[in-house]
Structures are given as C-alpha cells and as structure tokens.
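K.L.:
Spelled out, the chains give:
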Amino acid sequence: MSAFSVLFRREMRLAMRQSADSFMVIGFFVIAVVLFPFGVGPEPNMLARIGPGVIWVAALLAAMLSMDRMFMGDYEDGSLELLVLSPVALELVVCVKVLTHWLTTGLPLILTAPLLFVMMNVPGEIWLVLLLTLVLGTPVLSLLGSVGAALTLGARRGGVLLSLLVLPLLIPVLIFAVGAGDAVLFGNGAKANLMLLGGMLLGALALTPWVTAHALREAVA
Amino acid sequence: MLHYFANPTRFQRLSRRVEPWLLAAMLVCFGAGLYFALFSSPVDYQQGHTVRIMYIHVPAAWMALFCYTAMAVSAAVALIWKHALADVAAKATAPIGAAFTFLALVTGSLWGKPMWGTWWVWDARLTSVLVLFFLYLGYMALRDAFDEPGRGARASAILVLVGFVNVPIIKFSVDWWNTLHQPSSVLRMDGPTIHPDMLTPLFLMAAAFQFYYFWLVLLRIRRELMVNRTRALRHRQASA
Amino acid sequence: MENSNTIMSMTEHAGYVWPSYGIAALVLIGLVVLSLRAFRKSRDELERLEAQMPGKSDEA
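Protein chains in written order, with our numbering: chain A, 55 to 275; chain B, -13 to 226; chain C, 20 to 79.
Keep in mind the hints are simulated off the structure, nothing from the lab. In this text the structure is predicted, and so the values were computed from the model without any measurement. There may be inaccurate statements among the hints.
Short derived list, chain C residues pointing at chain B, Cβ under 8 Å [said to hold, decoys possible]: (1) Y35; (2) V36; (3) P38; (4) Y40; (5) A43; (6) L47; (7) I48; (8) E64.
Straight-line Cα separation of at most 30 Å, DSSO-like style, residue types lysine-lysine; simulated pairs [as the list claims (entries may be wrong)]: (9) K60/C - K68/B; (10) K99/B - K245/A; (11) K99/B - K157/B.
Note that the Cβ used here is the ideal one computed from N, Cα and C, for glycine as well.
Work out the full structure, taking the sequences as your base and the hints as a guide.
P.N.:
This is how it looks when you write it as structure tokens:
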C-alpha cells in the first residue's frame, strides 16, 4: 500500500470521527447567506444581483472555520513531529491534508450551493458557471489556507490571525469567481475568468504544498 | 559581504557614522521638495491645485512598494542564510512600510474626492494597495503572536514571501486593467509624460522619503539589536 | 499670473491639499517620535543591565 493511501485513510478516518465539523461548516454557510435577504430586503432582482457575491463570500468565511484545525490536532499530540521526521515527503503529507480539508469543507459547500442559488434567486443561466468557479476556487482556498494554518501553529489567537492573513490573499479568487457570473450575464462568456481561476489553482497547487511543508518544519523545529 | 555586517557591534559603529548624513540629506530634500511642491510648481490645467497632493501621494506609493520589496529580500536572506541582521531589518521596515501605505491610501482618497468625485473606488490598484496594507498588518501581527520570538520571525518571513505576489500586481494593475486610476506617467519605457516642472518636486520628495526610510530603519535596527542583547544578558543572568 | 502658482492663492481645493500634507507630517513625525522613544527606553535598559554585569559588556 502506498504512502499516499495510508495517509489518506488515516486522515479520512480522523475526519469521519469529526464529521460534525462538516455540518457546522454547511450550517454556517447557509445561515450567513440567509441573513442577507433580512439585511438588504427580499426584493428578487436585488437578491439576484448580489447573490453570487454573497454566496462566494459566505463560502470563503465558512471555509475559514475549519482551516485552523488542518494541522492543529497533529501539532498538539506530537504526531506532526513524527510526520516531519518520517521518510515520506512532507509535501505529500500536506497534499493529503489539503485534499481531506477540501473533501470535508469545499465539496460540501459546492453541494449546498445550488440550494442557496434558489433561495437567492440567482438566474439559471449562470448556475453552471458559478458551480464551476466553486469547483476551481475552493481547492485554492484549501491550498492557501494550509499555508496560513501552518504559519499560525502555536500562535496566540491563531484562528482569528489565520483569517486575517489568508482572506486578503484570497481576494483575487473572489473577484474572478464572481466576475465569471457577471461575464455570462453581460454576454461576454466566462472563459477568461475560468481560465484565470484555473491558472490560480495550478499555481497554488505547484507552490503552496512546498511552502506549507517548509512552514511546518519551522513550526516543529 | 553579507557576513561582514552580521556582526552587531560593527553594524552599530557603521550605522552611527552614517545616520547624521542621512538625517541631513533628508532635511535638505524635504526643505527643497516642500518649497517646490507648495510654492514653485505649476498648477495643472485640469487638476488645479490638487496636483500638489501628487508630491506626497506618488512617493508614498513608491515607498510602500519599496519597503515591501526590502522586507521580502531581507526575509529571504534571513531564511536562506539564517542572517540575524536581515531578519531584524525586515522587522524594522514593517511599520515604516505600513505608514507609507497608509499615507498613499489616505492622500489618494483626498485626491480622488475632488477629481473623481468619490473618496474610494474599488478599482484594481486601490484594492491591491489595500491588500498590501493588510499584508503589512498581518506580518506585524503574526510576528508578535508567538511566545518564542524566533518562531514568529521565521513564520512571518514566509508570509512576506508569499505576499510578494501582490507587488507586481500593484505595479502593473493600472496598465493591465483599464480603470479610473491613471496609468503610470513617470516610470515608463518611453520617458515620463508629465511636465518637467512637476518632476523636480516629485523627485525631491521621493528622495526625502527614501532618506527618511534609511535613516529611520537604521535607528530601528539599532534599537532591535539592543533589545536582543538585553534579552541575551537577562538570559545569562538568569542561568548564572 | 505669477502669484496664482503658489499654494497661498489656492482657494477651491484647499480642503483636500492641506489635510494631505498635514496627515503626511503627522504620520511621518509620529513614527519618528515613537521610534526614538522606544530607542531611548531600550538603550537605558541595556545600559542599566550592563552596569550590573561588569566585565562581560564587551562581548558581542
């Protein structure tokens, strides 16, 4: 059995034991979006206008909720030190952690999103594009979040600090994701935005595991 | 060369000798720059007197990027060669860079109100400079968040390098995206496009800001070195 | 005509230009004051400590 599948099974077992976390994330996501019709009024055209942005911002914040726990458990019980010292490449460990985080946070967010499209009166012709932006964008959240989670290990008020560090860096993802929906509505097609999001995903995939692994080594040094 | 200045005593001696000259150069540039900026520069035919805000705004924005670049270089040197002085330099630079970024944002806002009719627009350059400001604050917060100072230094150095992707985005944002903010008119391939009489105060103020940075950063580095030495002495005292 | 080029003749946008220079002065001078104060405090603390530990003060 390869190192990847051993690590992946371990992470998934740990995540299953904490499956309440995923429901918390979805709960936060839904409630955060549902607050908006109360805040700005239930006028359908306005909700359709702000819907994609609101849903994406809520997804960002919801993904932040579980971010600080990505390495926390292993850091506190000392298994992170063993992982760092083990012959398995730390970058691979990071990739597995990120994949698990995405499966327990990003994927549930994507699956819940259509429900919120209905509630926010999002026009049907941009549903598919918005789902695509979520598919391309949420892994970037998990990847960049892993950098922040590794950097704030052992920090005072680490959870809040993590959001303050990572959210500004995620602004480009938000801009191009929401822009994709607008582009379709204006008849420009979302290809450029989706390409840019894909480029960000590839760039993050290539660089962040390496940076996170470095930060983890510093954290346990 | 890198290791020559790693010795704190040698650095202290050298920087004490340079500082008065930097201070004098800064005061001369500020004096001349302010004279040209406020009294002896032409009024723009479109912008009127508000063009004088440029002599603060543009150099402050340059310095915001310069300080972040200096921090990123210092952080890289500190991480790769474990250079203690480079790490201290990054720490000493952060508040100065944050101050210049804040000034660029505030003066830009004060310039935008009479020219564009609004204090703030969400265009690419303003947004990316705002992110730069958050990066400075995040660096300082992360650096302070650990009980062991070495851990904070290394973690925040990595953060600075990750955030460096923002710097080229800021520099080229006005050329890549067609937005309300005017494209660069001084640092461009085919030469500056603004009136030469406006370049004099602009460059004088830029030089003044530059000298201000070097003078203050040396002072702040010397302070950090004294703090480190105090901590080391305390440690020795406690263990003796 | 000469006169209209100095800032003293400025009327319409005075409310934007002066605050810009004022805030810049405030921030830049304020940062120097804070840095100098921290510098003096650390220097005094170090000197006090070195006076307590004679003989070890010339080690870097």
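K.L.:
Taking the hints in turn, state whether each one holds.
P.N.:
Hint by hint, here is what the structure shows:
1. Y35: Result: holds, 5 Å to nearest chain B Cβ.
2. V36: Constraint on V36/C satisfied, holds at 5 Å.
3. P38: holds (6 Å)
4. Y40: holds (6 Å)
5. A43: holds (5 Å)
6. L47: holds (7 Å)
7. I48: Hint on I48/C: violated, closest Cβ of chain B at ~10 Å, above 8 Å.
8. E64: It holds, given that the least Cβ distance between E64/C and chain B is near 6 Å, below 8 Å.
9. K60/C - K68/B: holds (28 Å)
10. K99/B - K245/A: Measuring from Cα to Cα gives roughly 36 Å; hence the hint is violated.
11. K99/B - K157/B: Cα-Cα ~23 Å, so holds.
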